[in-house]
Amino acid sequence: MSLSARMILVLTLVGLISGGFLAAVATLTKERIALNVQAEIEEAIKEVVDDAAVNQVVHEEEDLLIYRELGEDGELVGFAVQATGVGFQDKITLMFGLDATLTEITGLTIIDQKETPGLGAKIEDWEAFLQFWENRDAAGHLALRKPPASTIDKLLPTEINTITAATISSKKVLGIVNLSLERVRELIKQGKMKPEEKDGN
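Okay, so the sequence shown: first residue is 1 according to my numbering, each after it adds one.
No lab work stands behind these hints: they were computed from the structure.
This structure is a prediction, so every number in the text was calculated from the model and none was measured.
Treat the hints with caution; some may be incorrect.
Below, simulated EDC-like cross-link-like pairs (lysine to aspartate or glutamate); rule was C-alpha separation at most 16 angstroms, straight line [unchecked claim]:
(1) LYS154 <-> ASP125
(2) LYS194 <-> GLU104
(3) LYS194 <-> ASP99
(4) LYS91 <-> GLU134
(5) LYS171 <-> GLU72
(6) LYS192 <-> GLU60
(7) LYS46 <-> ASP90
(8) LYS114 <-> GLU124
(9) LYS91 <-> ASP63
(10) LYS154 <-> ASP137
(11) LYS114 <-> GLU134
(12) LYS194 <-> GLU75
(13) LYS46 <-> GLU72
(14) LYS91 <-> GLU75
(15) LYS91 <-> GLU104
(16) LYS146 <-> GLU159
(17) LYS114 <-> ASP125
(18) LYS171 <-> GLU159
(19) LYS192 <-> GLU61
(20) LYS171 <-> GLU124
(21) LYS46 <-> GLU134
(22) LYS91 <-> GLU62
Computed beta-carbon distance windows for the label pairs [as the list claims (entries may be wrong)]:
(23) GLU62 <-> GLU40: 16 to 22 angstroms
(24) GLU182 <-> LEU22: 42 to 48 angstroms
(25) PRO157 <-> GLU196: 17 to 23 angstroms
(26) GLN131 <-> ALA39: 40 to 46 angstroms
(27) THR29 <-> HIS141: 39 to 45 angstroms
(28) LYS114 <-> LEU16: 16 to 22 angstroms
(29) ASP73 <-> PHE21: 34 to 40 angstroms
Where is the CB? At the ideal position from N, CA and C, for every residue including glycine.
Can you make the complete structure from the sequences, with help from the hints?
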């Protein structure tokens, strides 16, 4: 066998071995990433829906995923809405909870964002932003409060505090939530989502 033929054979073998190794690493990494993402989603659900023990996907479309949340004994405790939209810098993925009647937002958390550090990135901060999403009215359109209120009890049920010096990022999150709520209301009208009736109804 000539020198050039041996060189081609060796290079081919090295290429095949390297390719196989990279493919194996990619497969293992993909599985680990998927598990980490799922764990992050489950943790986000627990943050926004109290007593959630079982997650059931009830609706899925591009950039929107809705879960029905059941407690330990199988009762409906609420819904979790995962949504993605365009932020100031890049896409924002968030999760917010709805009560069993689909009329009240129980909380919101940010799953992924790339907003400006120290400014728009404060959408992940409890004190600056997230605390003002608890017990908000989900029946209509939500609006930003600017200038922000000093405490949550000074907000109307349909108001969310804006982040000082990060109005754009605040608006982007609000827009994602309002669009998601509009979709939820459409699904209820179409009979694809069934809220729990309020007491007395």
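Quick rundown of the hints versus the structure:
1. Among the hinted pairs, LYS154 with ASP125 is inconsistent with the structure: their alpha-carbon atoms are about 19 angstroms apart, more than 16 angstroms.
2. Simply put, LYS194 and GLU104 have alpha-carbon atoms about 15 angstroms apart, close enough for the 16 angstroms limit, and the pair holds.
3. Between LYS194 and ASP99 the CA atoms are separated by roughly 12 angstroms; this keeps the pair inside 16 angstroms, and the hint holds.
4. Distance hint between LYS91 and GLU134 is unfulfilled; the C-alpha atoms sit about 23 angstroms from each other, more than 16 angstroms.
5. Restraint check: the Cα-Cα separation between LYS171 and GLU72 comes to about 36 angstroms, which exceeds 16 angstroms; the hinted pair is violated.
6. At most 16 angstroms may separate the alpha-carbon atoms for a hinted pair to count; LYS192 and GLU60 meet this at roughly 11 angstroms.
7. As the CA atoms of LYS46 and ASP90 are separated by approximately 25 angstroms, the hinted pair breaks the 16 angstroms bound.
8. Pair hint LYS114 plus GLU124 holds up; C-alpha atoms about 11 angstroms apart against a cutoff of 16 angstroms.
9. A distance of roughly 10 angstroms separates the Cα atoms of LYS91 and ASP63; the hinted pair therefore holds under the 16 angstroms criterion.
10. Under the criterion of a C-alpha separation no larger than 16 angstroms, the hint pairing LYS154 with ASP137 is consistent with the structure, at around 14 angstroms.
11. For the proposed pair LYS114 and GLU134, the alpha carbon gap of about 23 angstroms is over 16 angstroms, so the pair is violated.
12. Taking the CA atoms of LYS194 and GLU75, the gap is about 14 angstroms. The hint holds against a cut of 16 angstroms.
13. With a C-alpha separation of about 13 angstroms, the suggested pairing of LYS46 with GLU72 holds against the 16 angstroms cut-off.
14. For the hint pairing LYS91 with GLU75, the CA-to-CA distance comes to about 34 angstroms; that exceeds 16 angstroms, so the pair is violated.
15. Taking the CA atoms of LYS91 and GLU104, the gap is about 25 angstroms. The hint is violated against a cut of 16 angstroms.
16. A distance of roughly 10 angstroms separates the Cα atoms of LYS146 and GLU159; the hinted pair therefore holds under the 16 angstroms criterion.
17. With a CA separation close to 14 angstroms, the supplied pair LYS114 and ASP125 stays within the 16 angstroms bound.
18. Proximity of LYS171 to GLU159 is assessed by CA-CA distance (about 12 angstroms); at most 16 angstroms being required, the pair is judged to hold.
19. Restraint check for LYS192 and GLU61: satisfied, since their Cα atoms lie roughly 13 angstroms apart, inside the 16 angstroms limit.
20. Taken as a hint, the LYS171 and GLU124 pair is honoured in the structure, with Cα atoms around 14 angstroms apart against an allowance of 16 angstroms.
21. Taking the CA atoms of LYS46 and GLU134, the gap is about 14 angstroms. The hint holds against a cut of 16 angstroms.
22. For the proposed pair LYS91 and GLU62, the alpha carbon gap of about 13 angstroms is at most 16 angstroms, so the pair holds.
23. The supplied range of 16 to 22 angstroms is met by GLU62 and GLU40, whose beta-carbon atoms lie about 20 angstroms from each other.
24. Distance hint for GLU182 and LEU22: a CB-CB separation of about 44 angstroms, consistent with the stated range 42 to 48 angstroms.
25. Our hint of 17 to 23 angstroms for PRO157 and GLU196 holds, since their Cβ atoms are close to 20 angstroms apart.
26. Between GLN131 and ALA39 the beta carbons are some 24 angstroms apart, a value that contradicts the proposed interval 40 to 46 angstroms.
27. Distance hint check for THR29 and HIS141: the Cβ-Cβ separation is about 42 angstroms, which falls inside the suggested range of 39 to 45 angstroms.
28. Between LYS114 and LEU16 the beta carbons are some 38 angstroms apart, a value that contradicts the proposed interval 16 to 22 angstroms.
29. Roughly 49 angstroms separates the CB atoms of ASP73 and PHE21, a value that falls outside the hinted 34 to 40 angstroms.
The structure shown violates the earlier hints numbered 1, 4, 5, 7, 11, 14, 15, 26, 28, 29.
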